[in-house]
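Student: Chain by chain, the residues:
2 protein chains.
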Amino acid sequence: MEGVDHLAHERNKSEFDVDAMKIVWAGSPHAFDVSDRISKLVASDPGFRKDNRSTLSRKELFKNTLRKAAYAWKTIVDLRLSEEEAAKLRFYVDEPAFTDLHWGMFIPAIKGQGTEEQQQKWLPLAYKMQIIGCYAQTELGHGSNVQGLETTATFDPQTDEFIIHSPTLTSSKYLSLLLASVMTWEGSPVPFLFLSQSGFYNSCFHCSVQWWPGGLGKVATHAIAYARLIVGGREHGVNGFIVQLRSLEDHSPLLGITVGDIGMKFGNGAYNTMDNGVLRFDHVRIPRNQMLMRVSQVTCEGKYKQSDVPRQLVYGTMVYVRQTIVADASCALSRAVCIATRYSAVRRQFGSQNGGPETQVIDYKTQQSRLFPLLASAYAFRFIGEWLKWLYADVTQRLQANDFSTLPEAHACTAGLKSLTTTATADGIEECRKLCGGHGYLCSSGLPELFAVYVPACTYEGDNTVLLLQVARFLMKTVSQLGSSKKPVGTIAYMTRVEHLMQCRCGVQRGFAELSVDLVEAAVAHCQLIVVSKFIEKLQQEIPGKGVKQQLEVLCNIYALFLLHKHQGDFLSTGCITPKHAALANDELRSLYSQVRPNAIALVDAFNYTDHYLGSILGCYDGNVYPKLYEAAWKDPLNESVVPDGYHQYIRPLLKQEIRTARL
Amino acid sequence: MEGVDHLAHERNKSEFDVDAMKIVWAGSPHAFDVSDRISKLVASDPGFRKDNRSTLSRKELFKNTLRKAAYAWKTIVDLRLSEEEAAKLRFYVDEPAFTDLHWGMFIPAIKGQGTEEQQQKWLPLAYKMQIIGCYAQTELGHGSNVQGLETTATFDPQTDEFIIHSPTLTSSKYLSLLLASVMTWEGSPVPFLFLSQSGFYNSCFHCSVQWWPGGLGKVATHAIAYARLIVGGREHGVNGFIVQLRSLEDHSPLLGITVGDIGMKFGNGAYNTMDNGVLRFDHVRIPRNQMLMRVSQVTCEGKYKQSDVPRQLVYGTMVYVRQTIVADASCALSRAVCIATRYSAVRRQFGSQNGGPETQVIDYKTQQSRLFPLLASAYAFRFIGEWLKWLYADVTQRLQANDFSTLPEAHACTAGLKSLTTTATADGIEECRKLCGGHGYLCSSGLPELFAVYVPACTYEGDNTVLLLQVARFLMKTVSQLGSSKKPVGTIAYMTRVEHLMQCRCGVQRGFAELSVDLVEAAVAHCQLIVVSKFIEKLQQEIPGKGVKQQLEVLCNIYALFLLHKHQGDFLSTGCITPKHAALANDELRSLYSQVRPNAIALVDAFNYTDHYLGSILGCYDGNVYPKLYEAAWKDPLNESVVPDGYHQYIRPLLKQEIRTARL
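Protein chains in written order, with the UniProt record's numbering: chain H, 1 to 664; chain U, 1 to 664.
The reader is advised that the hints may include incorrect statements.
All copies of an identical chain are treated as equivalent in the list; a pair is satisfied when it fits inside any one copy or across any two copies.
Lysine-lysine pairs mimicking DSS-like chemistry, simulated, CA-CA at most 27 angstroms apart [unchecked claim]:
(1) Lys128 to Lys580
(2) Lys22 to Lys40
(3) Lys74 to Lys40
(4) Lys74 to Lys656
(5) Lys635 to Lys63
(6) Lys656 to Lys63
(7) Lys40 to Lys628
(8) Lys389 to Lys656
(9) Lys566 to Lys365
(10) Lys635 to Lys59
(11) Lys50 to Lys546
(12) Lys487 to Lys121
(13) Lys656 to Lys59
(14) Lys656 to Lys111
(15) Lys305 to Lys628
(16) Lys566 to Lys580
(17) Lys128 to Lys656
(18) Lys635 to Lys13
(19) Lys434 to Lys566
(20) Lys389 to Lys538
(21) Lys50 to Lys63
(22) Lys580 to Lys487
(23) Lys477 to Lys365
(24) Lys477 to Lys538
(25) Lys656 to Lys121
(26) Lys365 to Lys389
(27) Lys546 to Lys580
Simulated from the structure, these hints should not be mistaken for lab results.
In isolation and in its complexed conformation, chain H is listed as follows (with noise of 0.2 angstroms):
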């Protein structure tokens, strides 16, 4: 039956029209045509193929992305692909590697914290990759907390260089911070020990050194690394450095640094095919005019200033890299969504009358109401990651004008969003997993490595809680600022609302550290609320085609419906709604479910995903699942031999009962 379409009947029962809901969800017809044409150029050529990677050992896995991002600037190149076709090549590659970080951390922040010179020399090099870079911005010890990163970068004005070293237990500053403490302390015997056991020396021997940056491992020529800037014996808190790691002749690294990869990270394929890296710097040198001097500069006589560029803009940068971290949480969501919903069409399981068939899986209630949220999920975030899109332009555009009133804002909008969509985007993974039962246990489901590839963003560009605690923060601010002249515009426009209940006496005692698990559920509601409204400003626009909208109002109400039923106890407690209330919602759900069922296979059909970008046997177009998966299983290595390598010297010992004399 090759070629065959068994999700035809499915397909079929369509109430709209798919082709103009693929526009909607690429964004534009442009978008479109951009992602459609390079997402079947990658699929279609060999040289991408992804779907042996959880069968290669760690060193063949790194060699084959090696050479396919050797091949995807081959092909960059080749065809002359312009920059937005060549990101979404590489986004269509869909496998992490070092060129991530090297066109998305390494020349961005040349850009922006680069002078002018610093950019004309660098960019260039690194547009056309004759140097290749990393981001190093994490210790072993320090991640989030980058103001307490310990590597120093100090200037020696005789030789007009910086000095950068990885600080251990025998550099002078923590040697004498260590004995200070030791010498405050009268009768220890063992102060070391002491020291350790009472937990109060912060600092280890191995805290400092860098760990975490991708393509620092094996393959960067350069990193921005960020230390603490020291001028004449005085600090100046952290800054980025432009350090050279590696020759550029035969790729040994450079003197003074120790470099490698920190190992195996969760899943087969996932992320180990990056080389995030460990890296320790022994006092090396670089050339003063290598500290990214945009914001503050060191001259030659070593004096420190600050320039008249707004510290702000870091904040854009922020608010850039993570309204993509939103965009992709809808890219990673939609994938599995799309899997799981073909997969729960082509899927029977009980219910068999008189020997007929058994019920698609699809079909039963219990499946819906686990699906279908994270369907209209997909949608919503697709949509709140086209809003952010907007916002930043705004922002970058009103920073430009010195207008830095709604960066506030803006930043918690991101922060907040990052986190809400990410972690829902993560749970959603593995519950699309789980709803494939068994079958979705397997490697060749794709859910597997997707999950596994997607958990880091729930930590990386800000671990979520953390990020949610800075909404409330700025929450808190702005409650405390009601009342004054300062009234709340956009997303938080709505508090003026509930200004007369801060006109109420607060009872409350306790401090904000106190309060946070609390704080952090108020942000998840506040970005709910975000999401939820800008979903129905999406559906106050024209939107064209054959029922798209209607499609979409019911997704939004699904979306909508979702939460009031999982955050019921808030809602009921602050007396927002009735039980009655929340009974007709859960009544409401269920009707949605139903409209939603004819149209699950076509609202998963307008994400235009390639089998390639799936990477989903359970997942693809034609539903043809259990011959692919019986195929499929015959090429793991282990079928190699019929029987098993190591069957004589450990499976025949004990069938013969040799066990006792048997080598082992």
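Using the hints, position chain U against chain H.
Tutor: Just chain U now, kept in the frame of chain H:
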């Protein structure tokens, strides 16, 4: 600082007798002794090393598992371990292997379903491992629904044999079904196409191959295979058969058997040490006496008959298997909690004052509110597991006396608690991983593997949602019988208290399936009630040891109030609590977290896990995390050479601008 205990200051804080708690956790002094002795034996034997798993290729990984399984058996034989000790040894070796199925499914199936004669023939062979068995009950197209299996076992009276066969589209029964359905459709030009597109036809060429059985792929010499029994052209439901798969001389598959591994699964090591298998029978003949005949028999004349052994015994076995899964849940969850708790005490982030140490992350309320409910859950699941063990013993005793009265309740209990504890444990492990921040993503944290190896528990031995629906059905039946002479007892005794509700006229018109989502929620609530009340009952017993009972009381309250908070919507909407109550419960939770804090490390020490069993650098007993992470990194195969394999082919051509002519 080798040998220093970096968590000593935490251990000194604890307010209870840890050794006494270890006995409580183990269940008895004897159980503690066996666990302690065997876990240390495994930990100290380099033959059971497991820290290198994540870097091995599939073939190396599998071969290493074969070696360990043989080595474990040799150790058991050499040391003349008791059955209890041998089981503990396999547990602490902590690597899924074919032996799990041999001891856990193959042997119990023969014991439970085989006649006396069959047991006498097969069990001695199995006990000595002269044969190695697996358990084949799932087909590619049929998982949870055993009654939907397609494999057939047709009796041939001429040779006194069964013919075991995996039907395909061409097999007669299915062909006739197929033709019948084609013929009812007039004018279809392409019958096969139509059948497939209509989604009507339930079977497929590949659906009936056995798929998933562990140990089948490469090792087992025999299988208990389930098939539809056909005698004299009549079908008699699904029955088990002992089928030899491979030659005992050279391990090659026997005539008519196509067998192999199904390929890679979630995670690096995890279940990839197991040869889950695919198996196709092509008219495989086995002697009649290899049908498991305890419950039904086929005589040599081809007569089918049923014995007087009650069929309910099958449910007894299910109760047994599921109660072991609940016990395993507390092991897996406590392991993750131990890792996350110790690392949360080691890790410091933010909050540094005047250059002093940063705050231990375990001191943040946001961390406590996520971690401590999981710590409480680990203890709750331990005690519910203990109670289920008692329940199983009780049911078994009753079954032997032909008392089936408590079986439905016992069945509902174990089904529901299997679902509840495995779902909570899978989610809890992942939550613990996130609580470890970025480093939790490293394989050396142990958490990715723990998650990947644990999650199938949500699917095997009954999909968790399907099981909750069974519980819901039991609850509805109980409710419908309220007011009759049949008084609810045991875990459903509380229902008598709501009997008056049953007098109300019910407006619900919809059926079970339509309301299944709500019914699942009701089933979860019922199961949570069991866990909480059994925890409270446990505390009504005498528990020796200074402060032990007090600590358990705190944990029990956290468990209960955390649930109240999580499900406050249900409590509020049913009027069981007021918003005021909900707020008070929240305050109380905060206070309870503060009470747990100084005891947290001691509470996870009480699990008495060796560093070998934990398999986590982040969770190591001495808390000396960073140096160990640093050292472990260098063992990755990528670090075998400074310049990575692939540099000359794939990196240098980029840097040297020679990509267009490179061979990729």
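Student: Compare the structure with each hint and give your call.
Tutor: Each hint, compared with the structure:
1. Proximity of lysine 128 and lysine 580 under a CA criterion of 27 angstroms is satisfied in neither setting, with 64 angstroms inside one chain copy and 64 angstroms between copies.
2. For the identical chains of this complex, lysine 22 and lysine 40 are intra-copy neighbours only, at 15 angstroms inside a copy versus 59 angstroms across copies, given an alpha-carbon limit of 27 angstroms.
3. Taking identical chains as interchangeable, the C-alpha atoms of lysine 74 and lysine 40 lie at most 27 angstroms apart only when both belong to the same chain, with a minimum of 17 angstroms there against 55 angstroms between chains.
4. Proximity of lysine 74 and lysine 656 under a CA criterion of 27 angstroms is satisfied inter-copy only: 13 angstroms between copies versus 57 angstroms inside one chain copy.
5. Proximity of lysine 635 to lysine 63 under the C-alpha cut-off of 27 angstroms is found in both arrangements, the shortest distances being 20 angstroms within a copy and 18 angstroms between copies.
6. When the C-alpha separation of lysine 656 and lysine 63 is checked against a cutoff of 27 angstroms, the pair qualifies only between copies, where the shortest distance is 19 angstroms, while the shortest distance within a copy is 42 angstroms.
7. Taking the shortest alpha-carbon separations for lysine 40 and lysine 628, only the intra-copy value of 21 angstroms comes in at or below 27 angstroms, while the best inter-copy value is 45 angstroms.
8. With identical chains, the CA atoms of lysine 389 and lysine 656 are never at most 27 angstroms apart, being 68 angstroms at best within one copy and 36 angstroms at best between copies.
9. Proximity of lysine 566 to lysine 365 under the C-alpha cut-off of 27 angstroms is found in both arrangements, the shortest distances being 17 angstroms within a copy and 23 angstroms between copies.
10. In this assembly of identical chains, lysine 635 and lysine 59 lie within 27 angstroms of each other by CA distance both inside one copy and across copies; the values are 20 angstroms within and 13 angstroms between.
11. Within a single copy, lysine 50 and lysine 546 get their C-alpha atoms no closer than 37 angstroms, and across copies no closer than 58 angstroms, so neither meets the 27 angstroms cut-off.
12. Taking the closest pair of Cα atoms, lysine 487 and lysine 121 never come within 27 angstroms of each other, the shortest separation being 46 angstroms inside a single copy and 85 angstroms across copies.
13. Only between protomers do lysine 656 and lysine 59 lie at most 27 angstroms apart by alpha-carbon distance; the minimum there is 24 angstroms, versus 38 angstroms within a single protomer.
14. When the C-alpha separation of lysine 656 and lysine 111 is checked against a cutoff of 27 angstroms, the pair qualifies only between copies, where the shortest distance is 24 angstroms, while the shortest distance within a copy is 70 angstroms.
15. Neither within a single protomer nor between protomers do lysine 305 and lysine 628 lie at most 27 angstroms apart by alpha-carbon distance, with minima of 64 angstroms and 41 angstroms respectively.
16. In this assembly of identical chains, the alpha carbons of lysine 566 and lysine 580 lie at most 27 angstroms apart whether taken from the same copy (16 angstroms) or from different copies (20 angstroms).
17. Taking the closest pair of Cα atoms, lysine 128 and lysine 656 come within 27 angstroms of each other only across two copies (10 angstroms); inside a single copy the shortest separation is 64 angstroms, beyond that limit.
18. Proximity of lysine 635 to lysine 13 under the C-alpha cut-off of 27 angstroms is found in neither arrangement, the shortest distances being 36 angstroms within a copy and 55 angstroms between copies.
19. Taking CA atoms no more than 27 angstroms apart as the test, lysine 434 paired with lysine 566 passes in both settings, with 19 angstroms inside one copy and 22 angstroms between copies.
20. For the homomeric pair lysine 389 and lysine 538, the shortest alpha-carbon distance inside one copy (14 angstroms) is at most 27 angstroms, but the shortest distance between copies (56 angstroms) is not.
21. In this homomeric assembly, lysine 50 and lysine 63 come within 27 angstroms of each other (Cα to Cα) both inside a single copy, at 13 angstroms, and across copies, at 26 angstroms.
22. In this assembly of identical chains, lysine 580 and lysine 487 lie within 27 angstroms of each other by CA distance neither inside one copy nor across copies; the values are 35 angstroms within and 32 angstroms between.
23. In this assembly of identical chains, the alpha carbons of lysine 477 and lysine 365 lie at most 27 angstroms apart only when taken from different copies (21 angstroms versus 43 angstroms within one copy).
24. With identical chains, the CA atoms of lysine 477 and lysine 538 are never at most 27 angstroms apart, being 29 angstroms at best within one copy and 47 angstroms at best between copies.
25. Taking CA atoms no more than 27 angstroms apart as the test, lysine 656 paired with lysine 121 passes between copies only; the shortest distance there is 18 angstroms, against 72 angstroms inside one copy.
26. Neither within a single protomer nor between protomers do lysine 365 and lysine 389 lie at most 27 angstroms apart by alpha-carbon distance, with minima of 36 angstroms and 34 angstroms respectively.
27. With identical chains, the CA atoms of lysine 546 and lysine 580 are never at most 27 angstroms apart, being 35 angstroms at best within one copy and 50 angstroms at best between copies.
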